[in-house]
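**Q** Chain by chain, the residues run as shown.
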Amino acid sequence: MNTMVKVENLSKEYRLGVIGNGSLWKDIQSWNAKLQGKPDPWTRINEESRIGRRDRFWALKDVSFEVQQGERLGIIGRNGAGKSTLLKILSQITTPTKGTVKIRGRVGSLLEVGTGFHPDLTGRENVYLNGAILGMKKGEIDRNFDEIVAFSEIEPEFIDTPVKRYSSGMYVRLAFAVAAFLSSEILIADEVLAVGDIKFQEKCIGKMRDVSENDGRTILFVSHNIGAVRQLCQTGILLEHGQIREYGDVGMVLQAYETSLRG
Amino acid sequence: MAATDNEEWDVVISAKRKRLGFDFKELRQYKDLVKLMIRREFVSVYKQTIFGPLWFVLQPLMSTFLYMFVFGNIAQMGTDGIPQPLFYFSGTMLWTFFATTLQKCSDTFVNNSGLFGKVYFPRFTMPITYMVNAFFTLCIQFAVMMIFYVYYFLNGFHFTPTWWIVATPLYIFQLALLGMGFGIMISALTTKYRDLRNLVSFGLSLLMYATPVVYPISSVPIKWKLLFQLNPVTPIIEMFRFSFFGSGNYDIKMWIYSLVVSVVVFLIGLMTFNHNEQTFIDVV
Chain A
1 MNTMVKVENL SKEYRLGVIG NGSLWKDIQS WNAKLQGKPD PWTRINEESR IGRRDRFWAL
61 KDVSFEVQQG ERLGIIGRNG AGKSTLLKIL SQITTPTKGT VKIRGRVGSL LEVGTGFHPD
121 LTGRENVYLN GAILGMKKGE IDRNFDEIVA FSEIEPEFID TPVKRYSSGM YVRLAFAVAA
181 FLSSEILIAD EVLAVGDIKF QEKCIGKMRD VSENDGRTIL FVSHNIGAVR QLCQTGILLE
241 HGQIREYGDV GMVLQAYETS LRG
Chain B
264 MAATDNEEWD VVISAKRKRL GFDFKELRQY KDLVKLMIRR EFVSVYKQTI FGPLWFVLQP
324 LMSTFLYMFV FGNIAQMGTD GIPQPLFYFS GTMLWTFFAT TLQKCSDTFV NNSGLFGKVY
384 FPRFTMPITY MVNAFFTLCI QFAVMMIFYV YYFLNGFHFT PTWWIVATPL YIFQLALLGM
444 GFGIMISALT TKYRDLRNLV SFGLSLLMYA TPVVYPISSV PIKWKLLFQL NPVTPIIEMF
504 RFSFFGSGNY DIKMWIYSLV VSVVVFLIGL MTFNHNEQTF IDVV
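So the sequences go chain by chain: A and B. The first sequence begins at 1 in the working numbering and counts up one residue at a time. The second sequence begins at 264 in the working numbering and counts up one residue at a time.
Chain A with its partners taken away, still in its complex shape (with noise of 0.2 Å):
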């Protein structure tokens, strides 16, 4: 078994309140007092300084966990809990305060649907930059594309017409059809399936199974459907607080969740 994600100690830690003035001016001010050794005329009422210890807090503390080739791990917890500040620190959005991620292959992201579609664009130009900017080279694109169509279901006359003249449902089967064809070794998924039909959302589900089992692909899936998760992921982590509360097998960091959620 091959470890393909090793995340050790890995903590987020983000500034609460107002980075800087929000204006130049404000920040050239604050500064200048700083070198005169006034008080930073800023500075709000009783408060000590603008940078003070309590306006810190940690997104994501210590959190470690390995992910072994062909694994489907789910991460969930409550809003607020850090699953997607983990997902980003992940697909290299953001950089983490502390800690290591170690990543063996490709990673392809999946933190939106659709992004970077363009509505003037027609379906068939859409789905060559949506699978550009998900890290597909044109060649993987021209050999799937077919393939990309009929998952879709989108009927092969509208694909020569620009987006924003889609349903909305035609827009999403379009653009989770590109990311179901990505071949990068790792999928970190988020959400995503918060959109479309139940077919379609069961259909999605069913083929990251299949890509997961037949090609030996990790998936990384975050989502607050204890359906969805339970249905695709053997393991689980839940997240509380920016802390790993359970760790392991899935139905029992489920049964976790659920507890918690009613306590």
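Simulated from the structure, these hints should not be mistaken for laboratory data. Be a bit skeptical, because a hint or two may be false.
As the list claims (entries may be wrong) - Facing chain A, from chain B, some residues (calculated, C-beta under 7 Å): (1) V274; (2) I276; (3) A278; (4) D295; (5) L296; (6) R303; (7) E304; (8) S307; (9) Y309; (10) V373; (11) N374; (12) S376; (13) L378; (14) I544; (15) D545.
To be verified - What the simulated footprint calls covered on chain A by chain B, stretch by stretch (three residues with Cβ under 8 Å from a Cβ of chain B suffice, anywhere in the stretch; the number is not a length): (16) 97 to 107; (17) 112 to 120; (18) 222 to 233; (19) 247 to 256.
As the list claims (entries may be wrong) - Distance windows between CB atoms, simulated: (20) A:E155 / B:S376: 48 to 54 Å; (21) A:S183 / B:T542: 54 to 60 Å; (22) A:P156 / B:S307: 20 to 26 Å; (23) A:P156 / B:P316: 27 to 33 Å; (24) A:I226 / B:R291: 39 to 45 Å.
Predicted model only: the values in this text are computed from it and were never measured. Ideal placement from N, C-alpha and C gives every residue a C-beta, glycine not left out.
Take the given structure of chain A and dock chain B to it, following the hints.
**A** Chain B alone, transformed into the frame defined by chain A:
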């Protein structure tokens, strides 16, 4: 946890920021994306317009007519003996290339925050896309300028183009470096200070008048000349006109100065951009 442990991994993400090294190999892997982005930008400009790509030519033509009227006829400014349409058109065309590249690049993070916040790809794709698009526009406009050029030539106007004409790609490349360099430098700052965006558009329209676009450098009083030539765009436009029309200011020293400035500005821009691309999403 020795170094050997790290070698097996394809990607290692940690708190460290990369500063200097620029990953050109990674960018090359995304060349299909660059091509598609260029197309996306190009199409989005003229979709659902009546004149379509014709706008790329109409804009500088209209500016040229306006400048001929205001600066040529009312203000009676000279053009170093170059026919007015050619003089103004060549200036506007080059200036627009520089200014568009700079302005678009400076908005890289703000305009693409939606995209950048959802998926990772080398952020530098976007400045390249903007520059190449501005370059396409420039090519179309250059073709129009050559039509004027041939027209005047056939009507007995004697240009004396010089061998410097072969350096034209270099002039364009220089403008691209300057526009991108300043643009990406500012882009890093606009994520935090949005007021800079206003300053950029306003500053560029002012800077145009500090650049010999609507007047030749020869009409600038001697005591101000050096100051005007410190503007790195000035020698490029002057050299371009000198190459094609054989008249105007030919100052090789100033041109080399501007060449050095272009490269330095671009490298500094690349460094600040690189430094910021990893953390901007928490700020923007």
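**Q** Does each hint hold? Answer for all of them.
**A** Here is how each hint holds up against the structure:
1. V274: For V274 (chain B), the interface hint holds, since the closest Cβ of chain A sits about 4 Å away, which is under 7 Å.
2. I276: Hint on I276 (chain B): holds, closest Cβ of chain A at ~4 Å, below 7 Å.
3. A278: 6 Å, holds
4. D295: 4 Å, holds
5. L296: 4 Å, holds
6. R303: Cβ of R303 (chain B) sits 5 Å from chain A, so the hint holds.
7. E304: The hint is violated - E304 (chain B) has no Cβ within 7 Å of chain A, the shortest such distance being about 9 Å.
8. S307: Hint on S307 (chain B): holds, closest Cβ of chain A at ~6 Å, below 7 Å.
9. Y309: Where the cut-off is 7 Å and the nearest Cβ of chain A is about 10 Å from Y309 (chain B), the hint is violated.
10. V373: 14 Å, violated
11. N374: 12 Å, violated
12. S376: 11 Å, violated
13. L378: Since the shortest Cβ distance to chain A is 5 Å, the answer is holds.
14. I544: 5 Å, holds
15. D545: 6 Å, holds
16. 97 to 107: holds (count 11)
17. 112 to 120: holds (count 5)
18. 222 to 233: violated (count 0)
19. 247 to 256: This one is violated; 0 residues, fewer than the three required, reach chain B with a Cβ under 8 Å.
20. A:E155 / B:S376: 48 to 54 Å: At roughly 35 Å between Cβ atoms, S376 (chain B) and E155 (chain A) fall outside 48 to 54 Å, so the hint is violated.
21. A:S183 / B:T542: 54 to 60 Å: At roughly 30 Å between Cβ atoms, T542 (chain B) and S183 (chain A) fall outside 54 to 60 Å, so the hint is violated.
22. A:P156 / B:S307: 20 to 26 Å: 25 Å, holds
23. A:P156 / B:P316: 27 to 33 Å: At roughly 29 Å between Cβ atoms, P316 (chain B) and P156 (chain A) fall inside 27 to 33 Å, so the hint holds.
24. A:I226 / B:R291: 39 to 45 Å: For R291 (chain B) against I226 (chain A), whose Cβ atoms are near 43 Å apart, the range 39 to 45 Å holds.
Consistency with the previously given hints fails for numbers 7, 9, 10, 11, 12, 18, 19, 20, 21, ordered from lowest to highest.
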